[in-house]
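Enquirer: Each chain, letter by letter, is given below.
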Amino acid sequence: MADTAQLSIRGVSRTFTGAKGQSTQALLPVDFDVRENDFVTILGPSGCGKSTLLRIVAGLDYPTGGQVLLDGRNVEGPGADRGMVFQSYTLFPWLDIEHNIRFGLRERGMPEAQQKERVDYFIAKVGLRGFERHFPKQLSGGMQQRTAIARALANDPKILLMDEPFGALDNQTRVLMQELLLGIWEAERKTVMFVTHDIDEAIFMANRVAVFSARPGRIKTELAVDLPHPRHYTIKTSPEFMELKARLTEEIRAESMAAAEH
Amino acid sequence: MAPLEPVGAQARWMLGVAFFVLFVGVWSFFTLGGFVSPTFLASPPTMVKEAYLLFTEFGFLHDIGMTVWRVFGGFVIAAAIAVPLGIAMGAYKPIEAFLEPFVSFCRYLPASAFIPLLILWAGIGETQKLLVIFIGSVFQIILMVAVIVGGARRDLVEAAYTLGADSRGIVRRVLIPGAAPGIAETLRLVLGWAWTYVIVAELIGSSSGIGHMITDSQALLNTGQIIFGIIVIGVIGLVSDFAFKALNRKLFAWSTI
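Taken in order, these protein sequences are the chains called G and Y. Residue numbers for the first sequence follow our numbering, so the first one is 1 and each next one is one higher. Residue numbers for the second sequence follow our numbering, so the first one is 1 and each next one is one higher.
Calculated directly from the structure, the hints in this document are not laboratory data. Cβ atoms here follow ideal geometry from the backbone N, Cα and C, with glycine treated the same way. Do not take every clue at face value.
Mimicking SDA-like on lysine to any residue, the simulated pairs with C-alpha atoms at most 25 Å apart in a straight line are [claimed, not checked]:
(1) G:Lys-158 x Y:Arg-168
(2) G:Lys-137 x Y:Lys-93
(3) G:Lys-158 x G:Glu-222
(4) Y:Lys-93 x G:Glu-76
Beyond 12 Å from chain Y on every Cβ pair, some chain G residues (computed) [unchecked claim]:
(5) Pro-29
(6) Asp-61
(7) Gln-87
(8) Pro-239
(9) Ala-259
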């Protein structure tokens, strides 16, 4: 199925140059394909370059080598075809929830009535009906990230990029958000690339997990997750899940130890 | 009293008023008690009497009107030019690199030192007064606005890019709305400074305005009128500051949630 790759990462590497001219290799050449409707999680220890890879795909950072192709076209700079949800809260504080979700639609010049219809649909989807007129600061972290997901989805991107979107949330909220996002994915079948350092999260959401090595980052292992959909949170205690978790724990542990030695 | 312990609304108000009372008390004690010669410092009752005369006999309302008009006129012109320029500098780094050194240099030129030159160029009419306010405000506003716009949250800019905004969209729909409360606060601050410049401009070569009245009173050794003039400036400044603050709070409610 490699020929149906929607997103193709070819030999992408990244070297940062410091203020004194010293260079740090953040990313070794990475080759990776994401097929349409894939839910891929990128799992790795912190500081391994997995976010850098995602930012390069988003067009917010550029590769020092290699290229990123989306539907066969070279990615140059950010665009509405790649929606992104960040770890930090990036709702526009001067816009209410409804207008935050509308942002991309307005920028595209979509007719008012159509904007309203789409926004209503996604507000319902993330369970924020009744909060349209609230400002971001009046909402909890989980609600803000739900809005951010709705904002990215309303734009109808080809691929949704998520950079540890639930990383700043408390554990209970995080689990609920995982279920919510998975439910949306099961219904909408978006292509998703999801960066995380949480093993449970990586398995629960994905149909494929890519494990990153410690810095300089590269993809060390890829693992298919064949758990059936729709997935219920109880799946986390199933033997299949436990087995995947044991394998990934082993992989990550080696990398975390390598990272700690640096 | 403990550090950073908040004080109640009523107590705050009472304490604020108490200092004014104390101030007038000390002033009355020294002047009415005969410790200071009336030639140098008028007593509070004398000042009130002189204030009454100012309004009834000397058309002081006209002076106040002239001064207020000059401050707002010069300030509005300065803001109309400086705010767009500051936004352009904050958003586009080449423009900032081009203008910033010159504007920084100009900012330290004292507006009052330009008065003799401006009288030569523009005479002693209204243009000269407006120019003093303009020179005193415009460079300050440009630089402060540029810093505020340049300090925009990078993550919001990135989010806007991934939502399909182009560079025009970033400026119009992220940088400007995000900087708006800070810009309004800057304007409030600079308006306060503009009041200082206007009085200095009116002290020299003027035939109306609060500053002109103060110079006239000095020639007549009328300290009561001088002090009242100063107090009026303070009161007008305070009122406009409160109005500005209230307006900002109303316009940018989101920033204070």
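Enquirer: Compare the structure with each hint and give your call.
Expert: Evaluated hints:
Restraint check for G:Lys-158 and Y:Arg-168: satisfied, since their Cα atoms lie roughly 24 Å apart, inside the 25 Å limit. Pair hint G:Lys-137 plus Y:Lys-93 does not hold up; C-alpha atoms about 31 Å apart against a cutoff of 25 Å. Proposed proximity of G:Lys-158 and G:Glu-222 is supported: the alpha carbons are some 23 Å apart, at most 25 Å. The hinted pair formed by Y:Lys-93 and G:Glu-76 meets the criterion: a straight-line CA distance of about 22 Å does not exceed 25 Å.
Remark: the non-interface label on G:Pro-29 is consistent with the geometry, its nearest Cβ contact in chain Y lying 25 Å away (cut-off 12 Å). Non-interface call for G:Asp-61 relative to chain Y: violated, since the shortest CB-CB distance, roughly 10 Å, does not exceed 12 Å. A cut-off of 12 Å between C-beta atoms contradicts the statement that G:Gln-87 is not in contact with chain Y; the least separation is 9 Å. The Cβ of G:Pro-239 lies farther than 12 Å from every Cβ of chain Y, with a closest approach of about 39 Å, so its non-interface assignment holds.
The non-interface label for G:Ala-259 is consistent with chain Y: the shortest C-beta to C-beta separation is roughly 25 Å, beyond 12 Å.
Checked against the numbered hints listed earlier, the structure breaks hints 2, 6 and 7; every other hint is satisfied.
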